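J.: Okay, here's what each chain looks like letter by letter:
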Amino acid sequence: MKLNLDDMARCLDLPVSTVDRWIRQGRIPIHRSGNGCIFKKSILEKWAVNHGLRFSLSNEERKKELNFALTNLLPAMQLGGVFHDIKGDDVKTVLKSAVDKVPVLSINKEELYERLLEREALTSTGIGKGVAIPHPRAPLPEETDNSLITTCFLEKSIAFEAVDDRAVFVMFILLSTSIKNHLHLLSRLAFCVRDDAFVEFLRTYPDTSSLLSKIADCENLLDKADHN
Amino acid sequence: MRILSRWRYPASWTIFRIDDRLLLILIALIVGTCSGLAAVALNRSLIAMFEWLHYFRHYWWSFIMPAIGAALSALFLDKMVKEGAGHGVPEVIYSVSRYGGLMRFRSSFSRLISSCLTIGSGGSAGPEAPVVMSGAAIGSNIAKLFSLNDRQRVTIVGCGAAGAISSIFNAPIAGMVFSIEVILGEWKAVNIVPIAIASVAGTEISRILQGNQIAFSHRLFHINHLDIVACIGLAIISAAVSVLLTRFLRSMHRVSKKAPFPIWVRAAAGGCAVGIIGLFLPIVLGEGYHPVRTIIEGAFTQGFGIVTLAVFAKILATSLTLGWGGSGGIFAPCLVIGSLAGLTYHRGLVLLWPSVSWVNEGCFALLGMAGLISGMLQAPLTGIFLIIEITGGYEAILPLIIVSVVSTTLCHYIEPASFYLKELVEKGQLLRPGTDARVLSDLSVQELLEKDCIIVKQNMLLRDFINIVKKSHRNYFPVEDERTGHFLGIIHLDDIRSYLFNPPMYDAVVLCQIMDTNVEVIYLDDDLSEVLRKMDMNQLFSMPVISNKKFIGMISKATLLDNYRKELMVQTDL
Numbered sequence: 001m002k003l004n005l006d007d008m009a010r011c012l013d014l015p016v017s018t019v020d021r022w023i024r025q026g027r028i029p030i031h032r033s034g035n036g037c038i039f040k041k042s043i044l045e046k047w048a049v050n051h052g053l054r055f056s057l058s059n060e061e062r063k064k065e066l067n068f069a070l071t072n073l074l075p076a077m078q079l080g081g082v083f084h085d086i087k088g089d090d091v092k093t094v095l096k097s098a099v100d101k102v103p104v105l106s107i108n109k110e111e112l113y114e115r116l117l118e119r120e121a122l123t124s125t126g127i128g129k130g131v132a133i134p135h136p137r138a139p140l141p142e143e144t145d146n147s148l149i150t151t152c153f154l155e156k157s158i159a160f161e162a163v164d165d166r167a168v169f170v171m172f173i174l175l176s177t178s179i180k181n182h183l184h185l186l187s188r189l190a191f192c193v194r195d196d197a198f199v200e201f202l203r204t205y206p207d208t209s210s211l212l213s214k215i216a217d218c219e220n221l222l223d224k225a226d227h228n
Numbered sequence: 001m002r003i004l005s006r007w008r009y010p011a012s013w014t015i016f017r018i019d020d021r022l023l024l025i026l027i028a029l030i031v032g033t034c035s036g037l038a039a040v041a042l043n044r045s046l047i048a049m050f051e052w053l054h055y056f057r058h059y060w061w062s063f064i065m066p067a068i069g070a071a072l073s074a075l076f077l078d079k080m081v082k083e084g085a086g087h088g089v090p091e092v093i094y095s096v097s098r099y100g101g102l103m104r105f106r107s108s109f110s111r112l113i114s115s116c117l118t119i120g121s122g123g124s125a126g127p128e129a130p131v132v133m134s135g136a137a138i139g140s141n142i143a144k145l146f147s148l149n150d151r152q153r154v155t156i157v158g159c160g161a162a163g164a165i166s167s168i169f170n171a172p173i174a175g176m177v178f179s180i181e182v183i184l185g186e187w188k189a190v191n192i193v194p195i196a197i198a199s200v201a202g203t204e205i206s207r208i209l210q211g212n213q214i215a216f217s218h219r220l221f222h223i224n225h226l227d228i229v230a231c232i233g234l235a236i237i238s239a240a241v242s243v244l245l246t247r248f249l250r251s252m253h254r255v256s257k258k259a260p261f262p263i264w265v266r267a268a269a270g271g272c273a274v275g276i277i278g279l280f281l282p283i284v285l286g287e288g289y290h291p292v293r294t295i296i297e298g299a300f301t302q303g304f305g306i307v308t309l310a311v312f313a314k315i316l317a318t319s320l321t322l323g324w325g326g327s328g329g330i331f332a333p334c335l336v337i338g339s340l341a342g343l344t345y346h347r348g349l350v351l352l353w354p355s356v357s358w359v360n361e362g363c364f365a366l367l368g369m370a371g372l373i374s375g376m377l378q379a380p381l382t383g384i385f386l387i388i389e390i391t392g393g394y395e396a397i398l399p400l401i402i403v404s405v406v407s408t409t410l411c412h413y414i415e416p417a418s419f420y421l422k423e424l425v426e427k428g429q430l431l432r433p434g435t436d437a438r439v440l441s442d443l444s445v446q447e448l449l450e451k452d453c454i455i456v457k458q459n460m461l462l463r464d465f466i467n468i469v470k471k472s473h474r475n476y477f478p479v480e481d482e483r484t485g486h487f488l489g490i491i492h493l494d495d496i497r498s499y500l501f502n503p504p505m506y507d508a509v510v511l512c513q514i515m516d517t518n519v520e521v522i523y524l525d526d527d528l529s530e531v532l533r534k535m536d537m538n539q540l541f542s543m544p545v546i547s548n549k550k551f552i553g554m555i556s557k558a559t560l561l562d563n564y565r566k567e568l569m570v571q572t573d574l
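Top line first, the protein sequences correspond to chains H and R. Note that this note's numbering has the first sequence beginning at 1, numbered continuously upward. Note that this note's numbering has the second sequence beginning at 1, numbered continuously upward.
No lab work stands behind these hints: they were computed from the structure. All values derive from a computational prediction rather than experimental measurement. Watch out, some of these pointers could steer you wrong.
What the hints assert, rightly or not - Dumping the calculated DSSO-like pairs for lysine-lysine here, alpha-carbon to alpha-carbon at most 27 Å: (1) Lys180(H) - Lys214(H); (2) Lys46(H) - Lys188(R); (3) Lys180(H) - Lys451(R).
What the hints assert, rightly or not - Here are some, though not all, of the chain H residues that point toward chain R, as calculated from beta-carbon distances under 10 Å: (4) Val16; (5) Ser17; (6) Thr18; (7) Ile23; (8) Gly26; (9) Arg27; (10) Ile28; (11) His31; (12) Arg32; (13) Asn50; (14) Gly52; (15) Ala225.
Stated by the list, open to error - Derived Cβ-Cβ restraints for the label pairs, each shown as a range: (16) Arg10(H) - Ala558(R): 20 to 26 Å; (17) Gln513(R) - Gly52(H): 43 to 49 Å; (18) Ser472(R) - Lys101(H): 38 to 44 Å; (19) Lys550(R) - Ser210(H): 50 to 56 Å.
Beta carbons: idealized from backbone N, C-alpha and C, even for Gly.
Work out the full structure: start from the sequences and follow the hints.
T.: Here's what the structure looks like:
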């Protein structure tokens with residue numbers, strides 16, 4: 001096979017100068033011809049294993065990294081769905097009926113409910129201004145492939161032991177695949193909620209499409225701030 | 001044209017691409033033959049020169065002949081080929097350890113000519129080291145012709161040296177062992193096989209051209225238990241003589257360097273002194289194989305006093321020749337001095353205990369040679385195999401081993417580095433494969449550079465800086481001048497952590513006020529051993545790298561360890 005030096009170095013996950021020197025010193029089973037590296041794949045793979053190095057021709061590693069890339073609010077909310085008029089008089093009943101709405105079939109609803117309650121027992125997830133973000137304590141990588149947020153507008157506001165003691169009228173149930181993703185979504189959601197205008201908008205119990213477009217606007221703002 | 005040029009890249013031929021061993025063996029064959037030829041050529045021209053100058057040796061002015069020879073050799077080396085004087089073996093080892101065996105083409109003949117002038121005219125030196133140098137250079141240039149890589153070239157250089165020694169002594173095992181033990185310092189099958197082939201080729205060439213003769217044949221020895229005990233004393237004496245010779249050679253070198261004359265005048269002065277010694281003790285002149293032969297045969301008749309004197313005279317003559325600018329090796333002088341020392345020891349034993357029936361003096365002379373070679377080179381195997389092969393004296397193997405190892409051990413105790421390696425060790429340039437020094441010298445600062453640091457400007461406010469901290473993976477932030485781009489200092493997160501949580505400071509502080517300007521920096525061409533020394537001295541774990549006054553990256557111990565380990569695994573486990 002033939003690769004140029006830069007690609008070779010990337011496949012081996014080494015600096016270009018190291019690969020160049022190893023070829024010159026004859027420490028690696030590769031031949032140079034001009035800027036090309038001629039090698040036999042099976043031999044090089046065996047050599048890499050013997051020397052504790054990684055050698056992968058394809059972009060598998062990069063694909064994996066893409067999988068680990070963080071999910072943004074918009075896709076998570078699209079996946080999770082938006083529901084109105086969730087019934088219930090206290091935290092338990094509200095959560096119970098909200099969990100039933102979560103649109104992912106592979107999740108065991110009963111177990112999820114237990115886990116959300118367990119988390120609520122620790123401290124309330126009501127973050128103030130009438131918003132709560134119930135979530136399980138640990139991420140759910142087995143149960144779901146993608147992180148999701150299910151938005152539930154309650155039929156009537158209930159006491160949630162929130163930090164500011166205000167009654168909660170909307171819950172974002174946050175289910176994530178990894179802790180990193182969880183933190184990412186949580187921080188983005190918190191950024192939106194910090195904006196009083198956004199909360200006022202939520203109080204109008206908007207429908208799915210207008211909520212999602214509002215979220216998209218908020219995220220654009222966030223991305224812009226990050227890039228500066 | 002393409003087809004024509006393909007023969008120069010045999011490494012890319014299909015049969016050699018998978019495994020280069022066959023290729024190395026083929027090239028080793030060529031190199032062994034060439035270096036064997038070089039050795040035979042030098043040997044023949046020495047004999048011719050000796051015969052030609054023989055008529056003049058009876059005149060009273062013959063003592064200036066070594067002077068003329070040494071001066072011509074020094075002039076040739078200095079003016080024509082522009083190489084330093086000396087015997088060449090350290091140069092070969094240096095090129096193997098530092099430049100992957102790259103040597104100049106002219107090295108393949110320069111030492112042959114200069115040593116021929118020095119030795120042929122009567123200077124006290126040996127033809128072996130020059131032959132090793134030219135064999136190695138021939139190997140290196142053939143490897144270059146075939147575009148081999150560094151590892152293969154080093155092996156081929158070893159083949160050249162092995163072929164040369166094998167050919168000049170008609171001693172294939174000694175050539176192999178010398179090349180591996182002294183030149184390469186690495187016992188591995190990938191080296192040993194081609195070197196063995198080259199040794200065979202070199203020996204065969206010399207046998208075809210000069211006949212299969214044992215250099216120093218001898219009578220049969222009958223060795224008793226008492227002789228084996230006595231040889232320990234000989235080992236001690238030969239170790240002492242080796243150390244003396246080493247010290248003499250080095251001090252002569254130092255003295256001559258201080259002399260305010262051009263190099264050829266110095267060489268002439270040294271040669272002249274040798275010539276004067278030679279007037280009284282002709283044994284010191286030339287490479288001295290003839291007297292060795294006489295001694296081994298037991299036909300050397302002079303008494304204890306003369307022999308002892310001859311030992312010191314030969315040491316003096318050798319150091320005068322080599323230390324003052326003549327050209328040649330120490331192999332042959334070692335053999336002469338060793339045999340004389342062995343003879344002295346034997347004469348002493350007979351004087352002290354006349355009633356004991358000792359083995360004949362030839363045997364002790366032979367043991368003395370082994371002791372001196374092992375002591376000087378600190379290479380016991382080379383000593384043992386060389387002496388066995390050049391004398392055909394396998395029956396003396398037991399005392400031979402004892403003398404070799406004891407002498408090596410004692411010499412190593414007094415002089416930790418052998419004569420060949422001493423200069424390299426002092427300069428820190430002896431880099432044997434798989435050692436710490438070798439790994440560090442192969443890795444470069446460029447390869448370890450971490451470029452994921454975010455560079456900040458000196459007039460940036462702390463508030464803006466906090467946004468950068470959010471995004472960074474690193475704890476270090478290099479600060480540069482926004483106008484010139486020059487590196488000014490570095491901000492370490494640990495130092496400013498308390499300010500980060502103090503909002504009133506955000507708009508009050510600019511970065512140039514909180515950066516650390518007193519930082520140790522590294523330059524791109526710094527040696528890694530130096531970098532590590534700096535890190536240890538200041539207890540740092542990472543340091544900024546500066547090139548052209550600009551920041552280009554960081555070096556950290558963590559990355560260094562990572563790459564060090566990779567390098568070590570790749571180097572040691574081929």
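J.: Under the criterion of a CB-CB separation shorter than 10 Å, is His31(H) in contact with chain R as hinted?
T.: Result: holds, 6 Å to nearest chain R Cβ.
J.: Mind checking the hinted window 20 to 26 Å against the Cβ distance between Arg10(H) and Ala558(R)?
T.: holds (21 Å)
J.: With a cut-off of 10 Å, does the beta carbon of Ile23(H) approach a beta carbon of chain R closely enough for the hint to hold?
T.: Constraint on Ile23(H) satisfied, holds at 7 Å.
J.: Go through the hint on Gly26(H) and say holds or violated, using the shortest Cβ distance to chain R against 10 Å.
T.: holds (3 Å)
J.: With chain R as the partner, please determine if Val16(H) meets the hint condition of a C-beta pair closer than 10 Å.
T.: Check passed: Cβ of Val16(H) comes within 9 Å of chain R, closer than 10 Å.
J.: Holds or violated: Ser17(H) as interface residue toward chain R, Cβ cutoff 10 Å?
T.: holds (5 Å)
J.: Given Arg27(H) as an interface hint, is the shortest Cβ-Cβ distance to chain R below 10 Å?
T.: At about 5 Å, which falls below the 10 Å cut-off, the nearest Cβ of chain R leaves the hint on Arg27(H) intact, so it holds.
J.: A range of 38 to 44 Å was offered for this pair. Does it hold for the Cβ distance of Ser472(R) and Lys101(H)?
T.: Once the Cβ atoms are compared, 41 Å apart, the range 38 to 44 Å for Lys101(H) and Ser472(R) holds.
J.: Is the interface hint satisfied for Ala225(H)? The criterion is a beta-carbon contact with chain R at less than 10 Å.
T.: holds (9 Å)
J.: Hint Gly52(H) vs chain R: min CB-CB distance below 10 Å?
T.: holds (6 Å)
J.: For Lys46(H) and Lys188(R), compute the direct alpha-carbon distance and say whether it is at most 27 Å.
T.: Holds - the C-alpha atoms of Lys188(R) and Lys46(H) are around 21 Å apart, at most 27 Å.
J.: Taken at face value, is the distance from the CA of Lys451(R) to the CA of Lys180(H) at most 27 Å?
T.: holds (25 Å)
Violation of the numbered hints given earlier is absent; every hint is satisfied by the structure.
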